[in-house]
Amino acid sequence: MSEKQSRKQITRRRLLQVLGLTAGGASLTAAANKLTDENTRRTIVDTLGGLFQNHFSRLSPDEVGETLARMERKYKEKYKQDVRVEATSALPNTLFGYALNLSRCRGYRDCVSACVEENNQSRDSEIQYIRVLEIPDGTMNLEHADHYYAGEVPKPDHFYLPVQCQQCENPPCVKACPVEATWQEPDGIVVIDYDWCIGCRYCQAACPYWARKFNWNEPVIPAESLNTQTHYLSNRPREKGVMEKCTFCLHRVRKQQLPACQEACPTGARVFGNLLDPDSEIRYILANKKVFRLKEDLNTEPKFWYYAD
Amino acid sequence: MSGIQFIKDCTKEAFQGSRRYWLWLSCLIAVCLVGAIAYWNQFTNGLIVTGMSDQVSWGIYIANFTFLVGLAAAAVMLVIPAYIFHNQAARSVVLLAEGVAVAACLMCMLFVTVDLGQPLRFWHMIPFVGRLNWPQSMLAWDVVVLSGYLFLNITIPWYITYHRYMGKKPDIRVYFPAILIAIFWAISIHTVTAFLFIGNPGRPFWNTALLGPRFIASAFTAGPAFMVLAFRVIDRETDFKVNTSVQKLLALITAVALQINLFMVGTELFTEFYAPTEHSASAQFLFFGADGQNALVPWIWGALFIEIVAVVILMVHKLRENSNLLAIACVLAIVGIWIEKGMGLIIPGFTPTPLGEVFGYLPTMTESLVSFGIWAFGILVFTILAKVTIKIETDRLKYKSSELA
Amino acid sequence: MRQRLVWLAVSLVIPTVCLVLDAGPFAWNNDDTEAKSPPPFVVSKRVPVLEDNGYYPCSDCHDNDSQKSNPRMRKLDDEHDDLAFDHGKQRFWCLACHDSENRDMLVNRGGQLIAFDESHLLCGDCHYQQQTDFMYGAHGKRLQSWTGVRQIVACAECHDVHSPNFKPREAWQPPQARTGLTATSVHQDIGGVEHE
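Chains as they are written, first to last, in my numbering: chain A, 1 to 309; chain B, 1 to 405; chain C, 1 to 196.
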């Protein structure tokens, strides 16, 4: 973030405090402190904290710490187990990109399954970040694709095109959001502050890749299949009425691990890497394979390439 | 103090009237309550109670919103003749037109609010306290222009009626600049709403520059048609007589705007069907259905048909002069536009999805009840505004200093 | 004489010019990436897996003493009869890749011995494009991390070397529509909203 931007944010912060929202919240919290016993106090303070939580980028490091702790308490309450919520920032000199070899993808949907487990998507409303399209040979018209194929794959005379968030360099969803609840991180990943999203779904209308999914009801994740290693901007459990999307497993890749979909793919069709590293596999692919991106005419500049060999 | 007295008197006036008036209010309030109960269900359970899905993520709420922004903008069609061309007949009813704008604006805001997944976070849209993504987001623009338009349409009539109430003459130098702003603002609210859709290259059905002019033309069809009907009711139900020249003027505007609208629909149809591209799939779905999904087909053909019937009635001088036929034509025009730029615009924008999937959408009972509730609320607001305005305009509600004591 | 000198000059000058052009900025096929050696990588070990399977060391049975190597192509119906043997559409025989003398080693077309842990050096004899891609990252699967020394899965871990094509199998369940709605795809004629 540039100095100018951060200074702007500090000014806004001041203004906010002048406007008394924070002050009001603090006095309510103080009142709650005096009034009640430890447990009730915690609940009241946490509820108020949740209701008046500020935009993620406006939180000071201390406030981030408090917020993460509050969330861990909330998830512990809900899922009866310890959930870790991190807020690791982007690694220096990284810009993540993905390449997918269409000749290798065989439509098993192992990536989809791994993604759902890794990212704590609601099992009830069946949110999935990856759609694998079964397309007859000889066309790239997505309208000829079957999204609901089942049984033994690959089917003769068909190929498989997995689509997920393309992490556009020029993301229409970020432009669309009326409250800046979604933005692009320095490592190129488009993230959502689930506690700032108002659920208007304009980003969903704006996305040309159908990458954004909405929590139509309170998400249901069986406690035993909850992934307890989470990140604020990525796979922590969501609530109803907010958007979510693929973050290239931000909570994993910022620890230098590979995304869950890459790890799950049994054919090695998926290649993930740092676009700023000239020795990375993805750079080799971009330089040596005939790659293409979906809907390039829309000028979204996806960081997700497809190739075939 | 007189300001408080003004509010008091107006409120009192709003809630006194004949048995018929009360019966009307009660019906509207009842529908509002049903809508509120339905909304409570949606609020607690989430938008899962609607027919919307990740495939078709906007539905009848946004369809109504789009239609109603047009209705709000159309007040300008009386504001211009009244204040710019000094048409006395238009001037006599212009406050009522602004009442329509206020009611429509409120309905728009409600329709957007009920569409939100996290309505309690509305404060995130308030600049500085929240974080309005202006000027990037077209939705942020829409929030700004709608609030501004509502503000203008409350303050201008407030200023004028208050002076009338106080027995003073409103100073044209004070309110005329506001009126000029409001005229441009009216066009802008609907243009911005069109841009909200146009600005999505990922949705080719909306991504056409013609949508802006089409929105304006359809708004200037449905808005004046709605006012013809409203004035007809007021004329019959109250002792306020609406000048026939106003109705003639509005009918003429409706006739011209509807012709322009149909012409533009025709050019769109030519583009979509003469040399269909991959991007014509949405129009194909709308007019002929796709993959077994054809719920919209009878509606859109019906809409075009009744719009053509309406335009015939409105264009033939003799037919238009007949007030009953005019009323029928207005109803047809409103319903036709509601379908065409409501569901007929929103749903095909999402069908097929960007990944080529054709997915059905039908509003659920909850969605319909909430929509009816909001419409009832809007009509309630207009009824009350009209009642009070008429009383003040006819000098029967005036400031009495004795009441203060 | 003079003619000969001219010819000599021409025959010397042309190759020199060509050499200069080829090495210099005018090179016709100056592919940097190809020329660069691949970034360091580690291939997952195969031997422990084979040992677990009880197949390795091969010399336990194939000791070239009690068990002499038999170069005759035949159907294996005693040992190794469980191998699907259709690599190269039955053009190959065991000894195309396994060394007949040193039974714990593989052998390439040039007769060089290759350890089981380095099978990627052997496969490239025929699949040279895949081998290049493997070394640089466009073929095969990376493990652990997207950064640092690449750890890649050995060829034989994904491919059954005796029948290298992936076999069709059941896909994971198709996506469901949102709760309360039913899915409808291009090929299905169902759907819409289920009203309670």
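Simulated from the structure, these hints should not be mistaken for lab results. The structure presented is a predicted model; accordingly, all values stated were derived computationally and were not measured. Glycine included, each C-beta is placed from N, C-alpha and C at the ideal position. Careful, some of the hints might be misleading.
[Stated by the list, open to error] Listed below are the simulated DSSO-like cross-link pairs for lysine-lysine, each with C-alpha atoms no more than 30 Å apart in a straight line: (1) A:K289 to C:K75; (2) A:K289 to A:K74; (3) A:K175 to C:K89; (4) A:K290 to C:K36; (5) C:K89 to C:K45; (6) A:K289 to C:K167; (7) A:K255 to C:K36; (8) A:K155 to C:K36; (9) A:K290 to C:K167; (10) B:K241 to B:K398; (11) A:K240 to A:K78; (12) A:K289 to C:K68; (13) C:K45 to A:K255.
[Said to hold, decoys possible] What follows is a set of in silico ranges between Cβ atoms, one per label pair, in the way DEER data are often shown: (14) B:T113 to A:R84: 27 to 37 Å; (15) A:T40 to B:F43: 49 to 59 Å; (16) C:T179 to B:T271: 33 to 43 Å; (17) B:F372 to A:L51: 48 to 58 Å; (18) A:G50 to C:A115: 17 to 27 Å; (19) C:T179 to B:F288: 23 to 33 Å; (20) B:E278 to C:A115: 31 to 41 Å; (21) B:F288 to C:C158: 45 to 55 Å; (22) B:A30 to C:E170: 18 to 28 Å.
Distance restraint evaluation - T179 (chain C), F288 (chain B), Cβ atoms, bounds 23 to 33 Å: About 30 Å separates the Cβ atoms of T179 (chain C) and F288 (chain B), which means 23 to 33 Å holds.
Restraint check for K289 (chain A) with K75 (chain C), where alpha carbons must lie at most 30 Å apart: This hinted pair is violated, its Cα atoms lying about 41 Å apart.
Agreement of K89 (chain C) and K45 (chain C) with the hint, judged by alpha carbon distance not exceeding 30 Å: Roughly 27 Å between the alpha carbons, so the hint for K89 (chain C) and K45 (chain C) holds.
30 Å Cα cutoff - pair K289 (chain A), K167 (chain C): holds, 26 Å
Holds or violated: K290 (chain A) to K167 (chain C), with C-alpha atoms at most 30 Å apart: With a Cα-Cα distance of about 27 Å, the restraint between K290 (chain A) and K167 (chain C) holds, given a limit of 30 Å.
Restraint check for K175 (chain A) with K89 (chain C), where alpha carbons must lie at most 30 Å apart: Cα-Cα ~55 Å, so violated.
Pairwise hint evaluation, K78 (chain A) against K240 (chain A), where the allowed Cα distance is 30 Å at most: holds, 14 Å
Hinted pair K289 (chain A) and K74 (chain A), Cα distance within 30 Å: Answer violated: K289 (chain A) to K74 (chain A) is near 48 Å, above 30 Å.
Supplied distance hint 49 to 59 Å, evaluated on CB atoms of T40 (chain A) and F43 (chain B): violated, 25 Å
Proposed proximity, K68 (chain C) with K289 (chain A) (alpha carbon, max 30 Å): This hinted pair is violated, its Cα atoms lying about 46 Å apart.
Pair hint outcome, K290 (chain A) versus K36 (chain C) [Cα-Cα no greater than 30 Å]: At roughly 19 Å apart (the allowed maximum being 30 Å), K36 (chain C) and K290 (chain A) satisfy the hint.
Hint check for T271 (chain B) and T179 (chain C) - Cβ pair distance inside 33 to 43 Å: holds, 38 Å
Hints 1, 2, 3, 8, 12, 15, 17, 18, 20, 22 from the list above are not met by this structure, while the remaining hints are.
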